[in-house]
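Taking the hints into account, I'd like the entire structure generated from these sequences.
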Amino acid sequence: MTDLPQLLQDRHIHKAVIIDDVFDEIPRPDELDDDNWSVFFDDLGDDEQTALSKLFPEYEKTHATDLQNSQPFITVLWKNKTIFENAGSEQLFGEYAQTNSTGRSALDTLVNRLEALGLECSTLGRDFDETAKDADLIFVDLFLGHQQSEDDVQRAIERIRTVVDGRKNAPPLVVLMSQSTRLREKRNQFRDEAQLYGSLFRVANKSELAKSGVLERILSRLATNYEDATRVATFVDAWDKGLDNARLRFIQTLRRLDLPDLAQLHTLLLEFEGQQLGDYLLDVSDRVLQHEIESDQGTIEAARSLNEIQLDQYPAPHLAGSPDFQALVHRMVFQHSERLKLSEGNDNPGFTFGDVLREKKGENPTARVFLIVTPSCDLAREGIAEVLVLPGTLKSLSASDWSYRASDLRTPSFTAEDGTTYWIKWALKQRHTVSYEDLRKQLDQPDGVSRIGRMREIYAAEIQQIMLADMGRIGQVSNPPASFRVTVSVLLISQDGTQHTTNLPALSEAICFVGRDTDAKRVDHLVLSEEACDEFREFVEQIDPSTMNKIARQSLAAMKTDLAFFDGFERGLIIVPQKDGSLVPEKREVQAQNLTYMYIVRNEWNVDGALIPNNQRNAPLIMSVRDSETDG
Amino acid sequence: MFKICARTVLELGAELISSDVIAFYELIKNAFDADSKNGAEIRFEITIRRNDYLRIQQRIQSQSADIDRLKSDIDGALEKSASDVSLGRFREIIDKAESYETLASALEHAFTEENRIIVSDSGDGMSLSDLVNNYLVIGTASRKRAIDAALLSSGKKTPFLGEKGIGRLSAMRLGERLRVETAKADDSDINLLEIDWSEFNNIDAMLDEISVEPSTGDKKPSKDWSGTTLTISSLTADWTYKRVRFLGEDEFSRLTDPFRDSKKRPRIALYWNGERVPVLSMDRNLLAHAHAKVIGKLTTSENGPILECTFEARDLGFEHPHEIEKRSFSLPDLQGAISGTSGNIPMSAIEELGPFEFEAHWYNRQRLKRIDSIGDQKTVRDLQKRWSGILLFRDGFRVLPYGEDDDDWLALDRRALGSTGYLLNKAQFVGRVSISRIENPLLVDQTNREGLRVCLEQQAFVNILQFVIQSQLREFLVDFKRTHQSQPIDIADAKTDVARLEARAKTALRQIKRVAPDSADTIEELQHTFFEIREFFDQAQQRITEIELENRQMLQMAGVGLLVEVVAHELARSTENALASLEALKDKDVPEQIAGLLESLRSEMKSVGKRIRVLDPLSVSGRQRKESFDLKLLVEDVLSGHELQFKRHGITVNVSAPPDKPVRIKAVKGMIVQILENLVSNSVYWMDLRREHEIDFKPAVSIVIGTNPLVVTYEDNGRGVATENREKVFRAFYSLKEKTKRRGLGLYIARDCAEFHGGTLTLDETTSTDTGRLHRFVLELPDEVLIS
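The listed protein sequences correspond, in order, to chains A and B.
Letter by letter, the first sequence follows residues 1 to 632 in this note's numbering.
Letter by letter, the second sequence follows residues 1 to 788 in this note's numbering.
Honestly, the hints are just simulated from the structure, not real lab data.
One thing to keep in mind: the hints can contain errors.
What follows is a list of derived Cβ distance ranges for each label pair [to be verified]:
| no. | chain 1 | residue 1 | chain 2 | residue 2 | range |
| --- | --- | --- | --- | --- | --- |
| 1 | B | Leu136 | A | Ala97 | 19 to 29 Å |
| 2 | B | Arg55 | A | Ala97 | 54 to 64 Å |
| 3 | A | Arg339 | B | Glu784 | 54 to 64 Å |
| 4 | A | Pro29 | B | Arg381 | 47 to 57 Å |
| 5 | A | Lys211 | B | Arg89 | 44 to 54 Å |
| 6 | A | Gln98 | B | Asp382 | 50 to 60 Å |
| 7 | A | Asp165 | B | His484 | 35 to 45 Å |
Here are the simulated DSSO-like cross-link-like pairs (lysine-lysine), alpha carbons at most 27 Å apart as the crow flies [what the hints assert, rightly or not]:
| no. | chain 1 | residue 1 | chain 2 | residue 2 |
| --- | --- | --- | --- | --- |
| 8 | A | Lys81 | B | Lys37 |
| 9 | A | Lys61 | B | Lys264 |
| 10 | A | Lys61 | B | Lys157 |
| 11 | A | Lys186 | B | Lys157 |
Note that beta-carbon positions come from the ideal geometry of N, C-alpha and C, so glycine has one too.
Okay, here's the thing in structure tokens:
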């Protein structure tokens, strides 16, 4: 921490201001108590009334309620309060003065500490003051008022926004402070409404600020990131301005498109394409505007500057509530739903490449969706009888569903109109065609479909391409499973955790079939001869439970009565792992006891009398499967 | 010579000072009447609350714990806020007790000594002789004389607020002991008076046997000092901080007029154990945020009283401009609206009433929102609730109990209960009425401080306020809503009741049968007519429920219902009149006269029967079927239905129409009847009213039927309509008739009937040279209605 003054210096943080209502000398109307006002006016004697009339010429003809709400009157009264002590001016102003002096002493400490860090520090009350305009560091009270009301929060927000507004590319660092327990609850609102950046903003309890090290830690973090945070601010500001410039240039281009041009456009192109003018123009505008944005020098410069940020060095954010990236993905992939309205009209459903239709059952939508993959131009031209669609399923979106795997055909994020986020799993193999007419009719029916979104072309095309590639594949006859010879031996596990070989000769000749499961993963099945099955079963029947520990005994007892278990051997359904595994009861009631029948190990040397790992001592047996080398 | 038992004083006090607030109110008024510079100061010095005292005293009596335990309980019950001196003295007294007996009396002693209410002022004070000659004279006339003198000298300001000389009984209400310390500026010593009211409780004692003598006490604090301090002890009520706080917030705050600038209000300083308890003042911003209001005054001019009102609609919950409308009602209007033809309230009562002012601010509490200078929605609602009610102030001081929570002196809630649309509950108003002792000498308090004495002027006063709020303000709001929201008029308010009238007629008929046994035929006929009316009425009601989707039709049917009711009313009244006449002839052998009476009843019945029969098609079908008929004949039919009524009221009718040939028109007959019936019944009311006030008045109606264009003018010489009300009389619920006859739908419906035919019904702008007001209604129908 010793180099904090230097850090502040390096980051050009020189000037700090503290904005807090305790720095206001004179109370405001809403900070004085109505009860005290009543007593004050009741107790004003004739002399005092005369004095007030002199000090405040409007006094006589102004109603008491209006005087109570008059800042000039309160100011006069405050400045002359000693004259009115008999009428209870002390009681009227007492609480205010008390609150102020307590609050001030706490902030005086803050001032001293900031000055000790080499900062030039000033204190401000609620009124707007130029001093705050060029401050590098602002401490602001969450409630700029004694009432601690929402209005007071708004006042604080307004103060900061005024400052930030004027310095969009070099915003100040802001520390929001308060004694209130509502500080945490209000911080996001404050950040958003005052238009601050998370990395330029901290909140701190006033009493925490007084503790050693807290202020320094806050300042150190803020200062460390200051330069980069400014870059982000500059980028956003440049974007903001760049967007304005781009808009102006774009509007000029658009304005030049007059009615005759549009008529030509319609006659020569759209009529033939079957596209609505509005729809088409919006498409064109999107692209032209994007071009204009890309041409803005300031935006490009600011974006380049962003590249310099050492993003890998950043700690966790101070506040949660970063923009919702899924929402960004949705916006990137899909057009806004309002846009869909443009396509409809004149009994023309306006189906377009990329439209996502959702199946309905009466009022309720189902999870089933369809992506239209027929090219737009075909859809637009009259005569298309069949529309090619790719079915898919809306799946709820959670962290575990997020994936960048290339193998899945999926759309990573879709936000429905009710705000629910999904991802869409596309069923590549189920593509089919639907009659255009049917699809059109279904749009209006309760048990039909509704259009819930439209993918931007590039994203829809990506899916279309994968689908087309899959369609273009040549199917092959699948390879049959392979079979390999294996040697199986069984070892008993005794009470002391050692293993002991047994003599089961029929088991030495076994076959392992290697195939795949539905997910195309390798699966090895152990197939024993009938003789081997019998031998194994008889062996199990004869095992003396007294040689093994208590849990293994239970397992053994269960295994002896579990006919399905032995049946599995006979039917060749025992799955042999690539390395280690175990066999457990399948019956649910036995499963619940957490028993293990035996461990299966593959290609391991099992030495008679050797200790086995602790976690394997709960089973009575180990089955060792070894691939026969001769087959290799 | 009467002798008075001492107890009578206690009884009198209990009767006259019926609540603690009234007791304080009287004491405070005394302080103000003494011209106190620092107003009235009321200090509660409470060391133990009475309920705790009683509870512990009972425990001592039942010896439920040992002495030390009881002493510690007493200590625990002491008010922490009491002064150290009081607490010290209290403990000292308790400490000395050693037995249950001594502890009980010590506690009683300490309670009496250390709990007190001190009411003080720095006013004129009383000399020793004032104490003897005034203070100790119950019902002293000293102030009444001064007020009477002020009334005679036509001064503007009352010299005193209290005049009955019973204020001293207030102290008795609050505690059993009273110590008065007082002095005038020229006294050198304090004058003392001590009263122990419990002495008056001796059943056998006569008043003059109880000795109460003033004495001279210490020197005054300073030479010029004057004032009075009442120390009341042996308190009778359980005073707590919360209760005193309530006094300041909800009671004392309304003892003086909170609408006046609070920095000029008379000072009432309230203390609880030395700590100041605020007497709240009203935040005027609340008034600025009323959704609607009416401000007005009654003044007197050369031409009699004038009621002027300004109605204002600020925010009625829909988009509308800020609307201000001034209305003024002169003598003829007030005659109609307050005095009416029933004669319950004579015009003289309004004239004698004297000027007063009022303002009523109306809030739709549901829609009260945050007000910046006041606070959030809840605070605003609470504030409105705190100040709600229409209070009465005389010379700036409250007349109780008007405006209290359980008082509904303007019968606003009773009225609101039965109405739809705008609810004008008392709780929705923040308002005041200001009267003065000198200007309204006949509005005097009941001695028990429970409101104004009931008299004709008081009735006129209440009636005027009800007319302004229940009728005029309501109509203003309804009409305003209709104009800006194009909302249909909700006629559910126009509830009519024929069943009650039928019952009245039946009772009368039964009695007629007894008085004149030979009248069976007539009676049967009468009964049938009533059945007919009843059926008619039920049909109209039935139609209303059936056709509620179509507003115009509904309105028509409501009109039919109203007309039927008028007819039923007339019939019931005729029957009752006939009965009265028959009873007068009872025991006299005058069969011809009896027969004559019955005959006239029968013809009257026939006549009014006609009036409803002409409405027949409308009520039976509920549809507006146009038919061809002779307008001349229809007018004659309608008038013949009123023949006997006109005769009774001495009304002459003159109809002029194109001679010889009929005026055939195609229109909905029932609607034209409604127009004519409404014009007739209005003019009968207003001519009748005029006849009551002018002996030589000859009521006359003139009807002119013209065919080019098709116009019917209807003119009477009744009270007429003020020029400024030329349009307002056609508004729904606008009525200037007296309370029981106020409906305000007749002309509204009549105009609607005219408009249905593409015509107009207007009040001609020509003023009568006689009254300076409007008298001529013009019904103009388009030419296509006329069958040439």
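For each hint, the structure was consulted:
Checking the proposed 19 to 29 Å range against B/Leu136 and A/Ala97 shows it is violated: the Cβ atoms sit about 51 Å from each other. The hinted range of 54 to 64 Å is not satisfied by B/Arg55 and A/Ala97, whose Cβ atoms lie roughly 43 Å apart. Taken as a hint, the range 54 to 64 Å holds for the pair A/Arg339 and B/Glu784, whose Cβ atoms sit roughly 57 Å apart. The beta-carbon spacing between A/Pro29 and B/Arg381, approximately 21 Å, falls outside the hinted interval of 47 to 57 Å.
Between A/Lys211 and B/Arg89 the beta carbon distance is about 51 Å. The supplied range of 44 to 54 Å therefore holds. Taking the beta carbon of each, A/Gln98 and B/Asp382 are about 27 Å apart, not inside 50 to 60 Å as hinted. For the pair A/Asp165 and B/His484, the supplied restraint of 35 to 45 Å holds, since their beta-carbon distance comes to about 41 Å. The straight-line distance between the Cα atoms of A/Lys81 and B/Lys37 is roughly 23 Å, inside the 27 Å bound, and the hint therefore holds.
Restraint check for A/Lys61 and B/Lys264: the C-alpha separation of about 11 Å stays at or below 27 Å, so the hint holds. Distance restraint check for A/Lys61 and B/Lys157: the Cα-Cα separation of roughly 22 Å lies within the 27 Å cut-off, and the hinted pair is therefore satisfied. Distance check on the hinted pair: A/Lys186 and B/Lys157 sit about 59 Å apart at the alpha-carbon level, beyond 27 Å; violated.
Of the hints listed earlier, those the structure fails to meet are numbers 1, 2, 4, 6, 11, in rising order.
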